[in-house]
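J.: Chains A and B, in that order, give the protein sequences. Sequential numbering from -14 applies to the first sequence in the working numbering. Sequential numbering from 5 applies to the second sequence in the working numbering.
Hints are computed from structural coordinates only; laboratory data are not their basis. On a predicted model such as this, the values are computed, not experimentally measured, just so you know. A portion of the hints provided could be inaccurate.
Anything over 12 Å on all C-beta distances counts as not near chain B; from chain A, calculated [unchecked claim]:
(1) Asp219
(2) Gly266
(3) Asp352
(4) Asp451
(5) Asn460
No farther apart than 20 Å at their CA atoms in a straight line, the calculated lysine to any residue pairs in the SDA-like style are these [to be verified]:
(6) Lys272/A / Val465/A
(7) Lys1/A / His320/B
(8) Lys286/B / Val465/A
(9) Lys307/B / Lys1/A
(10) Lys44/B / Gly325/A
(11) Lys437/B / Arg370/B
(12) Lys401/A / His320/B
(13) Lys272/A / Asn288/A
In this text, a Cβ means the ideal position worked out from N, Cα and C, and glycines have one as well.
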Amino acid sequence: MELIYEKSVPGRRGVKLPASDVPVAAPLPEALLRAEPAGLAEVSELDLVRHFTNLSRRNFSLDTNFYPLGSCTMKYNAKVLENAAALFAPFHPMTALLPGGEEFCQGSLGMLYDLGQMLADITGMDEVTTQPLAGAHGELTGILLISAYHRAKGNRKKYVLVPDSSHGTNPASAAIAGYEVITVPTASYGDMDMELFRQAMNDEVAAVMMTCPNTLGLFNPHIKEISDIAHSFDALMYYDGANLNAIMGKVKPGDVGFDVVHVNLHKTFGTPHGGGGPGAGPVGVKKALIPFLPLPRIVMDDNGAFGLQTSRPGAIGRAANFYGNFGIMVRAYAYIIMLGREGLIRVSEHAVLNANYIKERLKPYFDLPYDQTCMHECVFSASRQLAHGVHAIDIAKFLIDRGYHPPTVYFPLIVKEAIMIEPTETESKAAMDAFIEVMIEAARTAGSDPQALLDAPLTMPVSRLDETKAAREQNVCCLV
Amino acid sequence: MNDSHYCPHTAEEIREMLSVVGASSVEELFAPIPPELRAKTFNIPPGMSEFETFARMQAIAADNSAAMVNFIGGGYYDHIIPAVVDHLSGRAEFYTAYTPYQPECSQGTLQALFEYQTAICRLTGLDVSNASLYDGATACAEAAMMALRATGRNRVVVDGCVSPFSRQVLKTYLYNQDVEVVEITPLDGLLNRAALAAVLDERVAAVLVQNPNFFGCIEDLSPLAAQIHAAGALLVASVYPVSLGLIRSPGEMGADIAVGDGQSLGNPLSFGGPSFGFIAAKKAFIRNMPGRIVGETVDRNGKRGFVLTLQAREQHIKRHKATSNICSNQGLCALRGLIFLSAVGRDGLADLARLNRDKAEYAKARMALIPGVAVLQSAPAFNEFTLFLPGPAAPIVTEMLKQGIAAGVPLGDYYEDSANALVVTVTEKRTKKEIDRLADALQANI
Ligand SMILES: Cc1ncc(COP(=O)(O)O)c(C=O)c1O
Chain A
-14 MELIYEKSVP
-4 GRRGVKLPAS
6 DVPVAAPLPE
16 ALLRAEPAGL
26 AEVSELDLVR
36 HFTNLSRRNF
46 SLDTNFYPLG
56 SCTMKYNAKV
66 LENAAALFAP
76 FHPMTALLPG
86 GEEFCQGSLG
96 MLYDLGQMLA
106 DITGMDEVTT
116 QPLAGAHGEL
126 TGILLISAYH
136 RAKGNRKKYV
146 LVPDSSHGTN
156 PASAAIAGYE
166 VITVPTASYG
176 DMDMELFRQA
186 MNDEVAAVMM
196 TCPNTLGLFN
206 PHIKEISDIA
216 HSFDALMYYD
226 GANLNAIMGK
236 VKPGDVGFDV
246 VHVNLHKTFG
256 TPHGGGGPGA
266 GPVGVKKALI
276 PFLPLPRIVM
286 DDNGAFGLQT
296 SRPGAIGRAA
306 NFYGNFGIMV
316 RAYAYIIMLG
326 REGLIRVSEH
336 AVLNANYIKE
346 RLKPYFDLPY
356 DQTCMHECVF
366 SASRQLAHGV
376 HAIDIAKFLI
386 DRGYHPPTVY
396 FPLIVKEAIM
406 IEPTETESKA
416 AMDAFIEVMI
426 EAARTAGSDP
436 QALLDAPLTM
446 PVSRLDETKA
456 AREQNVCCLV
Chain B
5 MNDSHYCPHT
15 AEEIREMLSV
25 VGASSVEELF
35 APIPPELRAK
45 TFNIPPGMSE
55 FETFARMQAI
65 AADNSAAMVN
75 FIGGGYYDHI
85 IPAVVDHLSG
95 RAEFYTAYTP
105 YQPECSQGTL
115 QALFEYQTAI
125 CRLTGLDVSN
135 ASLYDGATAC
145 AEAAMMALRA
155 TGRNRVVVDG
165 CVSPFSRQVL
175 KTYLYNQDVE
185 VVEITPLDGL
195 LNRAALAAVL
205 DERVAAVLVQ
215 NPNFFGCIED
225 LSPLAAQIHA
235 AGALLVASVY
245 PVSLGLIRSP
255 GEMGADIAVG
265 DGQSLGNPLS
275 FGGPSFGFIA
285 AKKAFIRNMP
295 GRIVGETVDR
305 NGKRGFVLTL
315 QAREQHIKRH
325 KATSNICSNQ
335 GLCALRGLIF
345 LSAVGRDGLA
355 DLARLNRDKA
365 EYAKARMALI
375 PGVAVLQSAP
385 AFNEFTLFLP
395 GPAAPIVTEM
405 LKQGIAAGVP
415 LGDYYEDSAN
425 ALVVTVTEKR
435 TKKEIDRLAD
445 ALQANI
């Protein structure tokens, strides 16, 4: 398809601007003026509509395809959440920061406060900040909170411990927060090796970052023991909430010893992924860390009025411009009140049921390195198919031709040729059965006609793309 | 009957699935969680229907004051949003997709992001852009870290005229790193160039400025760029994208990295988010860029296509050595930005910028007529300017809020000795009548 810039015709416009009702201002000094307008597109509104409508048709999406992308919780995004978010479009965030301005923002501030309370209940924490703008941003905020805690106590800490099954953002966030990362290997039982963990722990460890259930989809039965050991060194426990969808109402991170959690509203709480965001990564903390929470902090006074606390010694500062990705909070809030207690519990139950169903049905066809009852996702390996020269990526491309967005492949890094499947609770049995049949077909075809998988996909607007050329030429901006 | 929200299984289906799994109940699947760790309480209220949920959200929204006429900015701006932006970005094929890891079935998102990167490069006058960052404030921090990596130095100089929120986020990001942040106190609403010269040495990785700055002043960065480059440091400019329809681009002024918040490009105010951060740089710095980058390539048949590229910089490959921890970014908001820029178009953005400035200049002249009110005159302005009132601005702002006017942002909370200063923002949406009303109300309240 042509680029929008290739459709441009000089002088053409897509939007009529409001007419001016004021005099023309004296021009800016020459040195401040742009020599020429920026080379943006010049298209009519209809050209524009066709362009982006046709682009959208070159995407798989949740509304068009089953999308069992492990670790990403691609559940259905209820339409009413979009309508709810639109209600808040006109409200300016600075209003609440003006002297006396909070009074005019009681709806928004109260919603943020209530959302914080509900997330605190779900995760077993004492207070939540909604400021972080994604999961990784929550991790950074959370680890900074932990560093502020240690600083305040005069602790000298240098390291953050992560299991080798962790998501890449965990060590990356710890590094930006100023820590060295120690990676602990996974044992044959599918969780962080307890013996190696004990050896790795020392007085200079600031935090242990865990995902639970972990990225293999397994709940770590030693989690309490791990947090007890960590606490005995005054190291804090960080919970990557990417996998919270498995455990709502069943177990609370705060109850098993976690001190700081982030939750991905764009995973567990039904907000759309947007083709790469926006998401939101609110962070919950235990009491001892409340003094360090970023500002502004939403507070409620004795009369039930909501306000902003904008200064407090000890706070780590500010994680983002305002109060977080507010439109995402609106969606998540609506999702939680709509599903309610029973609904959220059912979400976790059905997410776990669906993952176990797919795991059991595909087990005969693919290697399952950690064969246990899983939580919300399961991780296979294409190592059996590799004997025929077929990699996980080839199975992924075959699925695309059959109309399925592939599972996550090559993550977690500890599973060779990983295929990580997370169906979520919103898929029907029929949808999963159809997917399972296609996976079985992929496994069979790997044996009978491996070339067919290596050639896939054939039905998309493009076949496999040359990534080496892209990286070598670094053509990241249209030059015409 | 099954009316459980979005969980479609019937009891019969659940039974069938359990028998395949070999469990007698769904509860049995939670056996890996030790019983003593199970949640004892769960206090979320009972659920409700979609209709009731929406009614509740309407009631919450109604608890805000919708009738406010905004003369406030501070990083978020009340601009027009053409209807096509909502309709096209609201296509579920865009908003219910994930990050385009599988390029063959994600060409829509990938091509759109490539076009977005192109728009950002052209707007900023720089060579390379990524596919978005979280917001303008975090983009400042990412740019500083990028400069620290690129230069191997350990000091960042930040102009006090940069948004206080961006400065706070920068300090928070660098809180625990071995980096010193040096802040320069503003002089007459401008960068104090003598003070900058005094701190510019071989330890400085970057100088971060904002243009137009928090006071609304536009500066010519070109002489500054030469001075900063002579010291071996990088110039990072945080810019307001709509202003670039009119103002010389950061690239033309010699900046090495440009960042900013994309809210003004087709994203609603929405009480502060979501919007997107953008970052663009000279090509030499591409390997130090944070976040996702889309690159052009060809498929097996030589057909053009797009992929995520230079992923070896990123957290999922480099882990603790990555250029940034960012993973999910603000893709859909960046798409909105692209649709906005493409709808407004090349000449349209120039007209839009001019319209903003015309309105602001009218407002400025109008305010200057109010006895006792002075206008900060140290530099030209775009659509924001600083007023000095005869007394503290805060109580006047409070009073005017009650009259439905958000008159401006008092500077007293952000700068010492600035209690009387008020920053007023006027976008193309404000009519002459509204501006006159602001002036009259201000006069009546001082
Ligand atoms: C396990 C895990 N942790 C952290 C993240 C990061 O979340 P985000 O993309 O919102 O930054 C992800 C998502 O990709 C994840 O799967």
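J.: Now tell me if each hint is right for this structure.
T.: Hint by hint, here is what the structure shows:
1. No Cβ of chain B approaches the Cβ of Asp219/A within 12 Å, the least distance being about 17 Å, so the stated non-interface status holds.
2. With a minimum CB-CB distance of about 8 Å to chain B, Gly266/A fails to clear the 12 Å threshold, and the non-interface call is violated.
3. Its beta-carbon lying about 19 Å from the closest one in chain B, Asp352/A satisfies the requirement of being farther than 12 Å from that chain.
4. At roughly 5 Å from the closest C-beta of chain B, the C-beta of Asp451/A falls inside 12 Å, breaking its exclusion from the interface.
5. Not every Cβ of chain B is farther than 12 Å from the Cβ of Asn460/A; the closest lies at roughly 4 Å, contradicting the non-interface assignment.
6. Between Lys272/A and Val465/A the CA atoms are separated by roughly 57 Å; this puts the pair beyond 20 Å, and the hint is violated.
7. For a cut-off of 20 Å, the pair hint linking Lys1/A to His320/B is broken: about 44 Å separates their Cα positions.
8. A distance of roughly 18 Å separates the Cα atoms of Lys286/B and Val465/A; the hinted pair therefore holds under the 20 Å criterion.
9. At most 20 Å may separate the alpha-carbon atoms for a hinted pair to count; Lys307/B and Lys1/A exceed this at roughly 36 Å.
10. Between Lys44/B and Gly325/A the alpha-carbon distance is near 17 Å, which keeps this suggested pair within the 20 Å criterion.
11. Pair hint Lys437/B plus Arg370/B holds up; C-alpha atoms about 12 Å apart against a cutoff of 20 Å.
12. Distance hint between Lys401/A and His320/B is fulfilled; the C-alpha atoms sit about 16 Å from each other, no more than 20 Å.
13. At roughly 23 Å between alpha-carbon atoms, Lys272/A and Asn288/A are farther apart than 20 Å, so this suggested pair is violated.
Violation of the numbered hints given earlier is confined to hints 2, 4, 5, 6, 7, 9 and 13; the remaining hints are satisfied by the structure.
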